[in-house]
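Asks: Protein chains in written order, with this note's numbering: chain A, 1 to 303; chain B, 1 to 246; chain C, 1 to 278.
Hints were generated in silico from the structure; no laboratory data involved. Glycine included, each C-beta is placed from N, C-alpha and C at the ideal position. A portion of the hints provided could be inaccurate.
Said to hold, decoys possible - Quick list of in silico lysine to aspartate or glutamate cross-link-like pairs, DMTMM-like style, CA-CA up to 25 Å:
| # | chain 1 | residue 1 | chain 2 | residue 2 |
| --- | --- | --- | --- | --- |
| 1 | B | 121 | A | 13 |
| 2 | B | 180 | C | 72 |
| 3 | C | 63 | A | 289 |
| 4 | B | 180 | C | 266 |
| 5 | C | 63 | A | 68 |
| 6 | B | 156 | B | 7 |
| 7 | C | 82 | A | 12 |
| 8 | B | 225 | C | 265 |
| 9 | C | 63 | A | 163 |
| 10 | B | 121 | C | 266 |
| 11 | B | 94 | A | 293 |
| 12 | B | 225 | C | 261 |
| 13 | C | 26 | A | 13 |
| 14 | B | 121 | C | 261 |
| 15 | C | 204 | C | 72 |
| 16 | B | 121 | A | 289 |
| 17 | B | 94 | A | 12 |
| 18 | B | 225 | C | 266 |
To be verified - A few chain A residues facing chain C, derived, Cβ under 8 Å:
| # | residue |
| --- | --- |
| 19 | 43 |
| 20 | 67 |
| 21 | 69 |
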Amino acid sequence: MAFTDMRSWLLDESPASRSQARWGRIFRISLAFRSNTLAMVGLVIVLALIAMAAFAPWIATHDPIAQDTYARLRPPSAANWMGTDELGRDIWSRVVFGARITLAIVILVAALAAPAGLLIGATAGYLGGWVDRVLMGITDIFLSMPKLILALALVAALGPGIENAILAIAVTSWPSYARIARAETLTFKNADFIAASRLQGASSWRIVVGHILPLCTSSMIVRVTLDMAGIILTAAGLGFIGLGAQPPLPEWGAMIARGRTFILDQWWVATMPGFAIITVSLGFCFLGDGLRDVLDPKSGEKH
Amino acid sequence: MTAIHIDNLDVSYGETQITHGVSIDVEEGGSFALVGESGSGKSTVLKAIAGLAPEWRGTIEIFGRPRSHGIDPDFARTCQMVFQDPYGSLHPRKTVDATLMEPLNIQGLSDHNERIAAILKDVGLDNRFRFRYPHQLSGGQRQRVAIARALIVEPKVLLLDEPTSALDVSVQAEILNLLKRLRRERGLTYLMVTHNLPIVSFLCDRLAVMRGGRIVETAGAENLKQGHLQNEYSRELLALSAPPAV
Amino acid sequence: MSGPLLVVENLKVTFPSPSGPVDVVKGLSFQLGRERLGIVGESGSGKSMTGRSILGLVRAPGKVSATRLEFDGIDLLRQGEKGMRAIRGARISMVMQDPKFSLNPVMTVGEQIAEALVAHKRLPRREIAARVRAMLEAVRINDPDRVAGLYPHEISGGMGQRVMIAMMLIPEPDILIADEPTSALDVSVQAQVLDIIDDLVRNKGMGLILISHDLNLVAHYCDRVLVMNAGRVVEDCAASELKNAKHPYTRGLLAAQPRLDETRDELPVIDRTTWSAA
Ligand SMILES: Nc1ncnc2c1ncn2[C@@H]1O[C@H](COP(=O)(O)OP(=O)(O)OP(=O)(O)O)[C@@H](O)[C@H]1O
Ligand SMILES: Nc1ncnc2c1ncn2[C@@H]1O[C@H](COP(=O)(O)OP(=O)(O)OP(=O)(O)O)[C@@H](O)[C@H]1O
Ligand SMILES: [Mg+2]
Ligand SMILES: [Mg+2]
Numbered sequence: 001m002a003f004t005d006m007r008s009w010l011l012d013e014s015p016a017s018r019s020q021a022r023w024g025r026i027f028r029i030s031l032a033f034r035s036n037t038l039a040m041v042g043l044v045i046v047l048a049l050i051a052m053a054a055f056a057p058w059i060a061t062h063d064p065i066a067q068d069t070y071a072r073l074r075p076p077s078a079a080n081w082m083g084t085d086e087l088g089r090d091i092w093s094r095v096v097f098g099a100r101i102t103l104a105i106v107i108l109v110a111a112l113a114a115p116a117g118l119l120i121g122a123t124a125g126y127l128g129g130w131v132d133r134v135l136m137g138i139t140d141i142f143l144s145m146p147k148l149i150l151a152l153a154l155v156a157a158l159g160p161g162i163e164n165a166i167l168a169i170a171v172t173s174w175p176s177y178a179r180i181a182r183a184e185t186l187t188f189k190n191a192d193f194i195a196a197s198r199l200q201g202a203s204s205w206r207i208v209v210g211h212i213l214p215l216c217t218s219s220m221i222v223r224v225t226l227d228m229a230g231i232i233l234t235a236a237g238l239g240f241i242g243l244g245a246q247p248p249l250p251e252w253g254a255m256i257a258r259g260r261t262f263i264l265d266q267w268w269v270a271t272m273p274g275f276a277i278i279t280v281s282l283g284f285c286f287l288g289d290g291l292r293d294v295l296d297p298k299s300g301e302k303h
Numbered sequence: 001m002t003a004i005h006i007d008n009l010d011v012s013y014g015e016t017q018i019t020h021g022v023s024i025d026v027e028e029g030g031s032f033a034l035v036g037e038s039g040s041g042k043s044t045v046l047k048a049i050a051g052l053a054p055e056w057r058g059t060i061e062i063f064g065r066p067r068s069h070g071i072d073p074d075f076a077r078t079c080q081m082v083f084q085d086p087y088g089s090l091h092p093r094k095t096v097d098a099t100l101m102e103p104l105n106i107q108g109l110s111d112h113n114e115r116i117a118a119i120l121k122d123v124g125l126d127n128r129f130r131f132r133y134p135h136q137l138s139g140g141q142r143q144r145v146a147i148a149r150a151l152i153v154e155p156k157v158l159l160l161d162e163p164t165s166a167l168d169v170s171v172q173a174e175i176l177n178l179l180k181r182l183r184r185e186r187g188l189t190y191l192m193v194t195h196n197l198p199i200v201s202f203l204c205d206r207l208a209v210m211r212g213g214r215i216v217e218t219a220g221a222e223n224l225k226q227g228h229l230q231n232e233y234s235r236e237l238l239a240l241s242a243p244p245a246v
Numbered sequence: 001m002s003g004p005l006l007v008v009e010n011l012k013v014t015f016p017s018p019s020g021p022v023d024v025v026k027g028l029s030f031q032l033g034r035e036r037l038g039i040v041g042e043s044g045s046g047k048s049m050t051g052r053s054i055l056g057l058v059r060a061p062g063k064v065s066a067t068r069l070e071f072d073g074i075d076l077l078r079q080g081e082k083g084m085r086a087i088r089g090a091r092i093s094m095v096m097q098d099p100k101f102s103l104n105p106v107m108t109v110g111e112q113i114a115e116a117l118v119a120h121k122r123l124p125r126r127e128i129a130a131r132v133r134a135m136l137e138a139v140r141i142n143d144p145d146r147v148a149g150l151y152p153h154e155i156s157g158g159m160g161q162r163v164m165i166a167m168m169l170i171p172e173p174d175i176l177i178a179d180e181p182t183s184a185l186d187v188s189v190q191a192q193v194l195d196i197i198d199d200l201v202r203n204k205g206m207g208l209i210l211i212s213h214d215l216n217l218v219a220h221y222c223d224r225v226l227v228m229n230a231g232r233v234v235e236d237c238a239a240s241e242l243k244n245a246k247h248p249y250t251r252g253l254l255a256a257q258p259r260l261d262e263t264r265d266e267l268p269v270i271d272r273t274t275w276s277a278a
């Protein structure tokens, strides 16, 4: 009973308050989202990643950095679900704690790069003229260099380490967001509703932040989610060549790098973290695809 | 008092000059129509007054105050505009409430809730519509919201760019009645672009006919009703507007 | 050819809604020969949806069903997306209601018209430019060379509509569905543009469906008129009979129009229950 009440309150075509309108919109989007199986799979994977990171100490069976030289390179068993590595550390526990690092990388990059790109792109697109030329010139310089090489160069200059790897990935990923935001801004900067708020005396800053950014965010969320897979892989790549997370941090890419030497005889050492990377990347891809279906203004929205 | 005084207005976009020596005077409380050929620069004149077409020469005065070329918040209090396309003039991600809140915030007006409720009532929208998004509204309802947004800062002059051409006749009738009532109640001054002469005769007391960026004739609405227009082009429009009556 | 070009029988368009599926077109039937059919009716009565469903352009949650939907012997309901694409534009084209919304904001109008042309025919570059120019002239655009290079936000409302019409006429379709094609045009350009369309109907044997809320226009330019209300046809008559229409709804629409010699202080409006039920 209370449930149906809630539902009709949310789906009310004539909401009675600001919050009801907002929750109604969220609820409608989530209804659409729920009917997309693949997207739900993605969401479950991402939620599992988050849960894993949050409850790592309870989920892990061992201490991720405790070495046990007697138990080196054991195959998966009841005691060590994913086996152990060359220092006798439990791989399952390392994968679980690795989720924290992966999640931190993903969140930090998204929190640094996406807003910066969004703001730069929207400002350039809206103001046009020399502001546009300067900002987009800088963007293009960054875009013209291969991402991984640029990240490598940056980490090499700043020194290896997880923080610098995050910074490097953020620095290499904002330009593509700026490009998208600019392109989107161009399509509606001449719309009448923008002209109307200019007529009310709104400043350019207010228009960019209050009117243009909200229209770019949904495609940006989609884009960032889809890019997550790439970010995770880049971070893993940096870890793999020793420029990312440093030992003994259980970063998935670094774990693969170490397992590489035993790949033929002790396959699980490299495969388990690799499996984690693939699962999480796919999860973000599915989630992004699903979000695009429900959030993208061009396909959804109109009713 | 003269509400809108335009003298010898030349507006250009880059290289191309759009209007040539346009002169219009609208009395306070008057309702003036700008009709004429599509692409002749009618909307451009409105945009120049509003500050959306900043490249112009000549004189534009609103209540005796010369108009600057840009947009200033002060001017917004005197003069607002309603656009032609109700589908493009509302922000697709903002509720009616948020749309109406914006001008109040910019102008620093208080009593948000009361003002919004009052203006919605004025344009004939029930409070149920207040928290809807534009896609949940019909064309006519959207146009009412656009009119409400323009009126909420209590301007004296309203620039209307074909406010009903995207709407069907029955909704058009509602909007026209609304505009007529608001003008009477609030003493508003209208400068309206339209291509529909019957609308002019319903809502306006004077009109100017434009063609190729120039005004070819200015006349009173009585002349229109009686079919006494002088210019050849105006007469052509008139003849075409009075088809074998349906 | 003798049979009708287009046969529509019992057309339904349904949208899901939180409170169950809603029919926005409720069993529409008509036939179109090489003639001019007008559809009038108030906002939201399903005029645009009818046009869109013929072209298979009803967007995703919406569903189209009909006992018959045939164009020139082709069953449109059975056509896949690929088959529809071959028909769309080349054989049936539609002028959409809001031109600014339908035009690509970051492409010049000349490029867009050219694209409509080359999508269906291979032509040398020179020829394309000449055809685009000729088409813009045909829809009475004064300096076609300048306008072809403008972006949609740089043209006037009426020009936008004429550009849309040019885009749709350039492949010379068999049927043109024109959804409020001239609502932003002044009467004189409107007459000229409709005359071009009229000419195509008479000389090339094109079929025309003219969707409009302007009763005078429809009465003048069409042979037959359907009046729609809430997804149904409430009146189907010869255009010349429109002024004698009997249905109260049609009468209401007629009365709501302002007249050139207007003396009424207030225009009568239709008491629309849909308005309050929305
Ligand atoms: N931003 C712009 N850049 C360049 N040219 C423009 C721009 N805006 C309008 N024009 C040109 O100005 C001319 C007049 O346009 P305007 O919109 O004033 O016409 P209008 O009289 O309102 O016509 P309609 O009745 O069709 O709306 C057109 O030729 C148009 O191409
Ligand atoms: N995506 C959708 N979901 C649900 N209902 C829709 C959707 N699109 C359109 N409708 C509904 O379908 C009905 C018919 O719409 P349609 O666009 O055909 O109206 P119309 O007769 O063309 O009106 P107008 O004169 O305003 O253009 C409307 O009531 C509208 O609310
Ligand atoms: Mg205009
Ligand atoms: Mg329609």
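Asks: For each hint, tell me whether it holds in the structure or not.
Replies: Against the structure, the hints come out as follows:
1. B/121 <-> A/13: 19 Å, holds
2. B/180 <-> C/72: 50 Å, violated
3. C/63 <-> A/289: 23 Å, holds
4. B/180 <-> C/266: Roughly 8 Å separates the two Cα atoms, so the pair holds.
5. C/63 <-> A/68: With Cα atoms ~64 Å apart, residue 63 of chain C and residue 68 of chain A exceed 25 Å; violated.
6. B/156 <-> B/7: 20 Å, holds
7. C/82 <-> A/12: 39 Å, violated
8. B/225 <-> C/265: Judged against 25 Å, a Cα distance of about 14 Å means the pair holds.
9. C/63 <-> A/163: 52 Å, violated
10. B/121 <-> C/266: 19 Å, holds
11. B/94 <-> A/293: 20 Å, holds
12. B/225 <-> C/261: Holds, because 5 Å separates the two Cα atoms, which is no more than 25 Å.
13. C/26 <-> A/13: Since the Cα atoms of residue 26 of chain C and residue 13 of chain A sit roughly 23 Å apart, the hinted pair holds (cutoff 25 Å).
14. B/121 <-> C/261: 31 Å, violated
15. C/204 <-> C/72: OK: residue 204 of chain C and residue 72 of chain C at ~16 Å, within 25 Å.
16. B/121 <-> A/289: 43 Å, violated
17. B/94 <-> A/12: 17 Å, holds
18. B/225 <-> C/266: 17 Å, holds
19. 43: 21 Å, violated
20. 67: Interface hint status for residue 67 of chain A: violated (56 Å vs cutoff 8 Å).
21. 69: 60 Å, violated
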